[in-house]
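Colleague: Each chain, letter by letter, is given below.
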Amino acid sequence: MSAAIEIKNLTKQYQVPFKREAVNAVDNLSIAVEEGEIFGFLGANGAGKTTTIKILLGLIYPTDGEAYVLGAPAGDIEAKHQIAYLPESPYFPEHMTAHEVVTFYAQLFGMGREDARKKADELVSLVGLGGRSDSNKRIHEFSKGMRQRVGIAQSLINNPKVLFYDEPTSGLDAVARRDIRDLMLELKSQGKTMFLSSHQLEDVERVCHRASIIHKGKLRVQGFVDELLAGERVEIAIANGSNRFAERIKTIVPGASVIGGVGTLTVNDEPGLVAQILDIVREENARVVSVIPKRRTLEDLFVEIVGERISAEGELDAGAVAIERETSAVRAETLTSPDVEETDENATVQVRPTANKYKDMAKK
Amino acid sequence: MKTALVIAQNTISEAMRRKILNAFLIAGIAVICLTFMFGQFSPRQELTLIRGMGLGIINLVSAFITIILSINLIPTEIERRTIYTVLSKPVRRFEFLLGKWLGAIGTIGINVLLMSVAFVIAVAIKQIGAENPANPLELLKGSLMTFMQMILLCSLSMCFSIFFTPLVNFFFTTAIFIIGNLSSFTNDLAKTAASPIIKTFFTAIHLVTPNFGNFQFSNPLVNPELQVKSEALFLTQNVIYALVYAAFLLIIAVIAFDRREV
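In order, the protein sequences belong to chains A and B. The first sequence maps to residues 0 to 363 in numbering that gives the first Met the number 0. The second sequence maps to residues 0 to 261 in numbering that gives the first Met the number 0.
So that you can see chain A by itself, here it is in the shape it has in the complex:
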């Protein structure tokens, strides 16, 4: 297999207006996406996802580094015959119908008017807008989900080899989200290469072969989804824990926090570790509220990587929960970064679960 998308040491710098400062929207990023692969590209808002996609499409230009799509430099016209792009919240001329929009975009591929219309018929039906009631509607009468479907229809005109989808399920209701996810799974089964930028981590987990997380323009983690999520974990909720109990727990789970006798510990399901914790609970007359086996999710990983953002604001420090990270089990490539606390094999990383601080507070 050859790389359908290749990014080498890509950097995009923006000048801060009225200041002699530059901000790195993308910082020395290197990624390779193989043909037929669905690649999840994750990151918080402003992490540099859309900037990277725009560079790959030739809409903006890199400050440094190289980007290739289907072996051609980013923005190459010939390569664009084989790629498709769905922007986040796409806008289409309000006075047009879905059919007219797709016909217009089909003509941009050099299709004759009649061929373009036939293609539009086919695609509008494929995305579920071919019904009598929808076909006469103008874009301004469309819901967000329907607009997104039009966006997907225009992205399939040229039967593309590579698709760039930027937040395809963002802001959609559950039904529309499921439909679009199903469509992505269908494209996956057809062997398309997809570069999927999304906040919907569940979708990425279900659709993607591989995923990467970028933060502040830098690549933090990259690997196969299964590998990134490897390692079962156990969540133990404890009540009536004394100060002595809290201190003893910290010796085996550094960073664990028991406040007011209450705490939730999330640990890897290592032989003996859970039993050891439960022994301490018994010895110190604390009470076990629940012991729940948990599968590591992409959300957990995402929080680990980008969670520093909220913790930096000094919130929830008291609620820090230790998550032992089985680094040796994760074959994924964890990339060196000055902002990430690098650990030795089997070492413990203190991670602050800050993706949903209210949920965390409620847990405590």
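FYI, nobody ran anything at the bench for these hints, they're computed from the structure. Fair warning: this is a prediction, and the values are worked out from it, not measured in the lab. Backbone N, C-alpha and C fix where the C-beta goes; we use that ideal spot for every residue, glycine too. Be a bit skeptical, because a hint or two may be false.
Stretches of chain A that chain B covers, calculated by requiring three or more beta carbons in the stretch to come under 8 Å of a beta carbon on chain B [as the list claims (entries may be wrong)]:
1. 58-64
2. 76-85
3. 205-216
Assemble chain B onto chain A, guided by the hints.
Modeller: Chain B alone, transformed into the frame defined by chain A:
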């Protein structure tokens, strides 16, 4: 070129639905029709007035439509992010720009044509029963000159839109349009000024700004006794001037847009 035409067609269909442009068009046609209200003049004076006002209104309304349309043509595409879906297709940037320009020219042409038709009909009706009536279709030469002037204005505004925000562009384009319409005046000042600094300044102004004043064809049409030496030469010269200048501005726009980040 086919791609540019597809974009042009789409631009026209979108622009013709813009309420503000339609409002200008309707207002223009209404004012042309209102020229019938002049009843206190002699028939000859009245006809002269209608011709003068009609051509003036077509020129003014066309200028408004052109400026408002062309200052927003590219920035709106970037702001609404429609440009992303277009430029991610096999569309070269110059094709996109050319398509938008052709679409704007098409829209302006339709507007000028509609106002001109209303004007010609108004004049033809007014001339019914008049002695030695002039051919009202002659007035279309004035409309052609207005259209060529608008092609130049549209190119200027579109070129500026690559560099400036719509608001800044509006003021720049309007200012240059006004100065350019006073080209004979700036030329006179350049020739007659005593101070070398003022002379150089007005010479530069006269040379750099497009000579929009060249397209004023209303005088011979309004006063048929005023004759230009060679009408065909006058028209041809102005058409060539507009097209060459517009092409020059478009080339600058294409070069700048090619490296512009969207």
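Colleague: Run every hint past the structure and note whether it holds.
Modeller: Cross-check of the supplied hints:
1. 58-64: Since three or more residues must qualify, the claim that chain B covers the segment 58-64 of chain A holds, with 3 doing so at under 8 Å.
2. 76-85: Coverage by chain B holds for the segment 76-85 of chain A (7 residues, Cβ < 8 Å).
3. 205-216: Not satisfied, violated; 0 residues make the cut.
Violated hints amount to a single one, hint 3; each of the other numbered hints is respected by the structure.
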